[in-house]
Each structure stands twice: as structure tokens, then as C-alpha cells.
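J.: Let the hints inform the model, and build the full structure from the sequences given.
Protein chains in written order, with the numbering used here: chain A, 1 to 445; chain B, 1 to 250.
There could be a bad hint or two in this list.
[Said to hold, decoys possible] Straight-line distance between alpha carbons at most 35 Å, and here's what the computed DSBU-like set of lysine-lysine pairs gives: (1) K354(A) to K175(B); (2) K354(A) to K179(B); (3) K407(A) to K175(B); (4) K157(B) to K407(A); (5) K421(A) to K175(B); (6) K169(B) to K214(A); (7) K157(B) to K418(A); (8) K179(B) to K418(A); (9) K123(B) to K418(A); (10) K381(A) to K234(B); (11) K195(A) to K214(A); (12) K234(B) to K214(B); (13) K46(A) to K157(B); (14) K169(B) to K206(A); (15) K157(B) to K358(A); (16) K195(A) to K234(B); (17) K179(B) to K407(A); (18) K421(A) to K157(B); (19) K381(A) to K130(B); (20) K179(B) to K398(A); (21) K169(B) to K358(A); (22) K214(B) to K354(A); (23) K179(B) to K406(A); (24) K398(A) to K175(B); (25) K169(B) to K398(A); (26) K130(B) to K195(A); (27) K127(B) to K406(A); (28) K421(A) to K179(B); (29) K175(B) to K406(A); (30) K123(B) to K214(A); (31) K157(B) to K206(A).
The set of hints was computed from the structure by calculation and includes no laboratory data.
If you want the building blocks of each chain, they are given just below.
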Amino acid sequence: MTERLTGHGSEWRDANLSPTEAKIATSWVELKVDKRSMLTNKDRVKDVRDAMWQLEKDGEIVVHRVADEHQPMMVKTLYGWDKKIPTTRLWHHKSCGQCGNIPGYPASLLWLMNRMNIEYLDETDQTSCTAWNYHGSGIGNLESLAAVFLRNFHQAYVAAQAQGLPAGYYFPLVHCGTSFGNYKEVRAYLLHSAKLRERVRTILGKLGRLVDGKLLIPEEVVHYSEWLHVMRERIAGMREIDCSGIRATIHPACHVYKMVPEDAIYDDSVMGGNRLANSTGLMQSLGAQVIDYSTWYDCCGFGFRHIISEREFTRSFAIDRKIRVAVEEAHADVMIGHDTGCITTLDKNQWIGKAAGKAVELAVLADCQFAALVCGAHPYKIVQSHWHASPIETLMDKLGIDWEAKKAEFVAYLEQIKSGKPENLYDPRRMITSGPGYIPLKSLS
Amino acid sequence: MSHGPGTRVQKHIGDPVGGEPPLPRAKLEEIFADIQSDLRFDHELNGCLNCGICTATCPAAHYYDFSPREIVQLLWTENLEGIYDAMQEKIWACAQCYTCAARCPFGNSPGGLIMLMRETAIKHQMKSAKDVLRPFSRVMLKLISTGNQLSPDMINKEHFADWGPNISKVEAPLKLLRKAIPMPTLNTTATAWEVNLKTSIELYTIWEMTGVLKQLEGIDENLFDVITDIMDEKREDWKDFLADQEESND
Chain A
1 MTERLTGHGS
11 EWRDANLSPT
21 EAKIATSWVE
31 LKVDKRSMLT
41 NKDRVKDVRD
51 AMWQLEKDGE
61 IVVHRVADEH
71 QPMMVKTLYG
81 WDKKIPTTRL
91 WHHKSCGQCG
101 NIPGYPASLL
111 WLMNRMNIEY
121 LDETDQTSCT
131 AWNYHGSGIG
141 NLESLAAVFL
151 RNFHQAYVAA
161 QAQGLPAGYY
171 FPLVHCGTSF
181 GNYKEVRAYL
191 LHSAKLRERV
201 RTILGKLGRL
211 VDGKLLIPEE
221 VVHYSEWLHV
231 MRERIAGMRE
241 IDCSGIRATI
251 HPACHVYKMV
261 PEDAIYDDSV
271 MGGNRLANST
281 GLMQSLGAQV
291 IDYSTWYDCC
301 GFGFRHIISE
311 REFTRSFAID
321 RKIRVAVEEA
331 HADVMIGHDT
341 GCITTLDKNQ
351 WIGKAAGKAV
361 ELAVLADCQF
371 AALVCGAHPY
381 KIVQSHWHAS
391 PIETLMDKLG
401 IDWEAKKAEF
411 VAYLEQIKSG
421 KPENLYDPRR
431 MITSGPGYIP
441 LKSLS
Chain B
1 MSHGPGTRVQ
11 KHIGDPVGGE
21 PPLPRAKLEE
31 IFADIQSDLR
41 FDHELNGCLN
51 CGICTATCPA
61 AHYYDFSPRE
71 IVQLLWTENL
81 EGIYDAMQEK
91 IWACAQCYTC
101 AARCPFGNSP
111 GGLIMLMRET
121 AIKHQMKSAK
131 DVLRPFSRVM
141 LKLISTGNQL
151 SPDMINKEHF
161 ADWGPNISKV
171 EAPLKLLRKA
181 IPMPTLNTTA
191 TAWEVNLKTS
201 IELYTIWEMT
211 GVLKQLEGID
221 ENLFDVITDI
231 MDEKREDWKD
241 FLADQEESND
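T.: What follows is the structure in C-alpha cells.
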């Protein structure tokens with residue numbers, strides 16, 4: 001046997017295993033990596049909601065409850081804990097990246113809700129979570145993130161009063177994966193640290209956003225993909241287009257299930273409980289084939305800062321570790337995600353691959369966009385697929401959707417609304433709940 | 001003995017053999033104290049056996065001279081010179097995916113610790129932070145002045161040439177395409193959604209009271225000036241609105 005320089009020291013010897021033997025020898029790695037035990041094998045994990053209820057009991061905070069009126073459904077999280085998912089009376093906490101860049105993402109979600117008669121409010125009184133900027137630049141801090149979290153969630157709590165309804169009527173539904181992860185992390189620090197609570201209480205007090213002089217903490221922080229998960233059978237019941245021939249790969253979003261992993265949903269009926277249930281469960285219920293692939297655990301390459309100013313990293317990672325693997329290994333027709341940055345990264349960074357001789361193409365959609373599409377939503381008016389750079393048209397061909405005819409309809413619609421009013425998913429007068437432009441309830445009725 | 005241009009390590013922490021460190025020990029201690037005093041530090045650093053799971057699973061480690069294991073080790077062993085050195089470049093490689101945190105058997109959060117180091121680099125107005133964040137200023141202007149990070153008018157072929165020709169596959173003016181989105185809050189071009197004036201005013205209070213504006217001033221004074229001008233204008237608008245309200249109530 002010849003000596004080789006391997007970087008592992010002079011004791012290293014080549015085992016000369018055949019490919020089959022090598023596979024057997026390393027199979028334990030896959031067994032471990034592909035199981036959720038990799039995440040659960042930890043000490044010191046506590047349910048922060050216990051601390052939350054105690055603080056409320058001690059008179060320190062008020063908890064915004066997921067009440068019966070929100071028609072909650074229960075799910076199990078990583079450690080088998082219960083999580084309550086409200087299914088109606090929802091306050092949409094929008095995502096800046098989705099609304100700015102992939103508007104069919106929230107529009108598809110609201111369209112599905114309209115089809116199911118779900119009550120909701122989409123209003124102008126909200127900021128983004130500001131965490132994209134924070135993770136990218138380091139401008140911001142725990143206090144600013146906490147204050148933004150509490151301000152936005154307080155607005156969700158009081159928003160219904162503008163419609164003459166009681167406080168707590170709406171429960172916030174967070175659209176962005178980073179907002180979801182960041183808010184949960186911040187919630188945990190708020191519950192752990194009296195000092196942080198004291199600092200932000202001063203700020204929230206100045207903003208007039210305390211409840212009985214106390215901080216308002218939501219009982220659950222809920223991501224829209226969790227709502228889709230609990231509603232998946234009802235959504236499947238609305239399906240109009242057969243998608244059983246579609247091979248779908250899922251990209252689970254890091255900030256949805258790696259940040260505060262104990263709060264992510266796992267369901268034994270979805271991939272044996274070894275993958276995040278969100279999106280996978282929905283796609284299975286819709287009848288698509290969910291295909292596993294070896295780099296399912298990798299991030300998309302978004303990087304927060306990198307997508308803006310260091311895109312060589314972003315596009316290399318997106319192409320080499322995600323899109324190419326999904327195409328060549330899983331022979332996928334689509335990659336489905338549930339977060340703003342991932343959809344942007346995976347969708348927009350395929351074209352440049354041609355310049356580096358890495359031409360791979362794959363349709364990329366958010367779970368709710370795919371669901372809306374197969375439930376009969378207009379591919380341009382609702383799903384807004386024209387904002388996607390990836391080949392959604394190829395996917396639509398496979399689904400039997402005459403996208404050229406739909407596109408022509410949309411172009412005609414654009415002509416029509418140049419001087420006329422556009423079609424909306426809700427009454428636009430409801431979107432302003434205070435300040436300039438606010439129309440009081442009696443005028444609305 | 002004459003020295004050439006020197007290595008990056010020599011440039012930032014001095015010649016490890018004979019040179020003087022560019023920063024006095026007290027300054028290095030101050031920087032570490034700022035990282036360590038954040039209440040998240042003790043939650044995010046619990047120990048380290050150098051197992052390297054974090055680095056094995058790290059996307060940035062595929063492409064950069066960056067290892068979350070190294071960052072954790074520097075902090076765990078309180079290697080002040082090494083910490084300072086890592087703050088010159090390495091900490092900006094992290095993609096903030098938190099895969100390292102999900103995988104660490106100790107429950108460390110290397111990605112979270114990186115954020116504490118980035119915040120500290122900004123607080124100390126390090127050149128590395130200024131250099132790295134210069135291309136990020138458009139985003140910071142948008143976020144701090146409007147509360148939205150990304151707006152439709154930022155996505156164009158000049159800024160995102162590598163995204164290809166299909167910013168939209170339907171050719172039409174941006175304003176018209178945005179009008180065709182069936183959510184009225186999204187019929188905007190300069191912000192991702194229409195932001196209530198009161199919301200902006202509240203956000204400015206948060207920025208001021210949490211020291212974010214001070215952070216910004218230290219990193220980019222020009223940007224700070226532009227943003228404070230915008231804030232002043234919006235505050236004037238809000239005052240005018242309140243005065244009008246009072247008048248109409250009388």
C-alpha cells in the first residue's frame with residue numbers, strides 16, 4: 001500500500017473498498033443525518049411557553065391567546081410537544097421580500113383563504129421584522145428586534161378595533177421564514193430575560209403599545225406554511241388539476257426549522273417524521289410525488305448579505321448544491337419552498353449558470369403558489385408566475401395548463417386596468433386602520 | 001530587519017514573532033467584553049470539543065476560508081487576538097442559516113455568536129464592517145427609512161444583471177404590473193407594501209431608543225444624514241396630520 005498525503009496524518013491508509021462496501025461502511029452517516037434524532041439529541045431544551053404562562057401568572061405579561069374563535073388545530077413539534085395553529089381570523093404579517101419580489105406568493109395564500117371563507121386582515125400598519133437586514137449587516141440588535149416584534153404583534157392584537165371588533169380578534173400569521181425564526185428566538189430571550197423585558201417595556205410604553213401596562217406576547221408564533229399544513233386536506237379537496245405526474249423536491253427553509261428547531265412541526269405520517277412536515281405534507285395531500293434528494297438539508301445559499309452583495313457564493317451554492325442535485329438526482333419537475341429568501345435564490349440564480357457551463361433549469365415555486373395553481377388559480381393574475389425567472393411554463397405544460405392563453409388573458413387584463421379598477425382579493429378600504437386614509441367603520445358600512 | 005507587505009495576520013494583529021500588535025491589549029479586551037456582555041452569549045456558547053459538525057455542515061465553509069468551529073474555539077478559549085483577526089473578514093462569510101446551531105451537540109449557536117461579533121465590529125467602527133457593508137447601503141436606506149427591506153423598484157436589470165432577462169416575463173411598466181397584483185397593499189413600487197405613516201414614526205422611535213441610528217452613524221455618516229432627513233420629513237407629515245385631525249375635531 002502506498003503512502004498518500006490526505007490531510008489526515010501519516011496513519012491514514014486507503015481501505016480499498018468497493019463502491020458497495022463503501023456504501024455499507026458509511027451508511028450509518030445517512031441513517032443518522034436523515035433522522036430527526038440529529039436534532040433531538042440535545043440536553044437543556046425547555047419549552048419557553050412554560051415560562052410564558054408563569055410570567056402571565058406573575059402579572060408581568062399578557063398572553064395573546066389562540067382562542068376557540070380562531071378554530072385552532074393541534075400539531076406535534078420536534079419533541080412531540082403540542083402547538084396550536086389558528087385557522088381563521090388571521091392577521092397577515094407580510095414578508096418584504098415576498099411582497100417586493102414574488103407577489104404571487106402572498107396573493108396565492110390569500111386566494112386559497114378566500115376559497116375557504118377564512119377571515120383575515122391585510123393592512124398597512126406593519127413593518128417587516130427587520131431581520132433580513134440584521135442577519136445581513138449586523139445593523140440592529142436584540143432590543144430593536146424585540147421592539148419590532150412586540151410592536152407588530154400588538155398591532156395584530158388591536159387591529160380589529162378599527163372595524164369595531166374586540167382586541168385579540170385577529171391572530172398574527174407570519175409569512176416570512178426569517179421573521180418566523182427571528183420572532184421565536186426573540187420571544188425566547190424576552191421570556192428568559194427580565195432586563196430585556198424592562199428595556200423594551202420602556203420603548204413599547206412610549207409607543208402606546210402595552211396592554212394594561214404590560215408586554216403582549218403571542219401564545220404561538222405561527223408560520224403560514226403551518227396553516228397550510230393543517231389545512232392540507234381541505235385544500236386537496238379543492239384540487240382541480242391532477243398533479244400525480246409531478247416529481248416535486250422540497251427545500252425546507254433553515255429559519256423555519258433550524259432556528260428554534262423545537263417549535264417546528266414533525267408528523268409521523270410525513271416521511272416517517274424524519275423531515276419537517278410543512279410543504280411535504282401538503283404536496284403529498286395534493287397527490288404530487290415528493291422525491292427525496294441527498295442535499296435536502298443544505299441551505300439555499302441566500303446568505304442575507306450574499307444575495308445582495310456577494311452573489312458568486314449565492315448562485316454557486318444554489319446551482320451546485322440544490323438545483324443541479326434536484327434535476328440530476330431526483331429528476332424533479334419542481335422545487336417547492338416555504339420561505340422568501342429560498343424561493344428568490346433558487347428561482348433567480350439559474351440563468352447565470354449558463355455562463356459557467358452549469359446550465360440547469362428547474363421550476364421553483366412556494367408551496368401555496370403550487371397549491372393555488374392546481375386548485376385552479378389564474379397563473380398570472382393570482383400566482384403571478386411572470387415574476388419567476390425559472391421555467392414555470394415547463395411545469396404548467398406538464399400540468400396541462402394552457403399558459404400561453406392565460407398569459408394573453410393577463411396582457412388583455414393589463415390593458416383593461418390601465419384606466420380602470422383592478423380586481424382585488426378583499427375590500428381595499430379595510431387595509432388602513434389608522435392615520436391618513438383611515439375610513440371609520442360607519443363610513444365603510 | 002525589514003519586512004515586506006506582510007500577511008493578513010501580520011497586518012491586523014502584528015508580527016506574531018517580533019511585531020507589536022496594532023491594538024493595545026486593553027482594546028482587545030474591550031472588544032471581547034462587548035461580545036461577552038450580550039445576554040445571548042451564555043445561551044449560544046456552552047462548550048466545544050472541536051468535533052467540527054458545525055463546519056462539516058456549513059455552506060460558507062464550502063467556499064470561504066471560514067469555519068464556525070474555529071470561531072467557537074476562539075470565543076471559548078478567549079483568544080482575543082484571534083477574535084479580533086476573525087472580525088476583519090471571516091465573520092462576514094457566514095450565511096446565517098443556523099445549520100451549525102441545529103447540529104451542534106453542545107447546543108452552541110456559532111451563527112448567533114457571529115451576529116454578536118458583527119454587531120461589535122460595527123460598534124467599534126471597524127474598517128472591515130464599513131467595507132463589507134458599503135454595497136448594502138441601498139438596502140439599509142430602504143429598511144431604516146421605510147421598514148421594508150426590499151422594494152419592487154430595486155429589482156432591475158442594472159442591479160441584478162446576473163438574474164437574466166426575466167425580471168418579469170410580461171413586458172409592461174412596473175407601476176402597471178404592481179397595480180395588477182390583487183392585494184391593494186402591494187400596489188406600490190418604492191416599498192414592498194404601502195406603509196402607514198404612523199408605522200414609520202413608531203419605527204423611528206425604535207431605531208432611536210435602541211441605538212440603531214448611532215450604529216449607522218458610526219458606519220456610514222452620509223447614509224445617516226440622508227436617513228435622518230427622511231425621518232424628519234415624515235415626522236413633519238405626521239405632525240401636520242395630527243394638527244389637521246385636531247382642527248377637524250374642534
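J.: Each of the hints needs a verdict: does it hold here or not?
T.: Hint by hint, here is what the structure shows:
1. K354(A) to K175(B): holds, 31 Å
2. K354(A) to K179(B): At roughly 33 Å apart (the allowed maximum being 35 Å), K179(B) and K354(A) satisfy the hint.
3. K407(A) to K175(B): holds, 18 Å
4. K157(B) to K407(A): Measuring from Cα to Cα gives roughly 22 Å; hence the hint holds.
5. K421(A) to K175(B): It holds: about 14 Å lies between the C-alpha atoms, which stays within 35 Å.
6. K169(B) to K214(A): violated, 49 Å
7. K157(B) to K418(A): Within the cut-off at roughly 24 Å; holds.
8. K179(B) to K418(A): holds, 9 Å
9. K123(B) to K418(A): violated, 49 Å
10. K381(A) to K234(B): The hint holds at about 34 Å.
11. K195(A) to K214(A): holds, 14 Å
12. K234(B) to K214(B): holds, 19 Å
13. K46(A) to K157(B): violated, 48 Å
14. K169(B) to K206(A): Violated, because 46 Å separates the two Cα atoms, which is more than 35 Å.
15. K157(B) to K358(A): holds, 21 Å
16. K195(A) to K234(B): holds, 32 Å
17. K179(B) to K407(A): holds, 16 Å
18. K421(A) to K157(B): holds, 29 Å
19. K381(A) to K130(B): violated, 42 Å
20. K179(B) to K398(A): Holds. K179(B) to K398(A) sits at ~30 Å (cutoff 35 Å).
21. K169(B) to K358(A): holds, 22 Å
22. K214(B) to K354(A): violated, 44 Å
23. K179(B) to K406(A): Judged against 35 Å, a Cα distance of about 18 Å means the pair holds.
24. K398(A) to K175(B): holds, 32 Å
25. K169(B) to K398(A): holds, 19 Å
26. K130(B) to K195(A): With Cα atoms ~31 Å apart, K130(B) and K195(A) stay inside 35 Å; holds.
27. K127(B) to K406(A): violated, 52 Å
28. K421(A) to K179(B): Holds: K421(A) and K179(B) sit about 9 Å apart, inside 35 Å.
29. K175(B) to K406(A): OK: K175(B) and K406(A) at ~21 Å, within 35 Å.
30. K123(B) to K214(A): Judged against 35 Å, a Cα distance of about 31 Å means the pair holds.
31. K157(B) to K206(A): violated, 43 Å
Hint compliance for this structure: hints 6, 9, 13, 14, 19, 22, 27, 31 are broken, all remaining hints hold.
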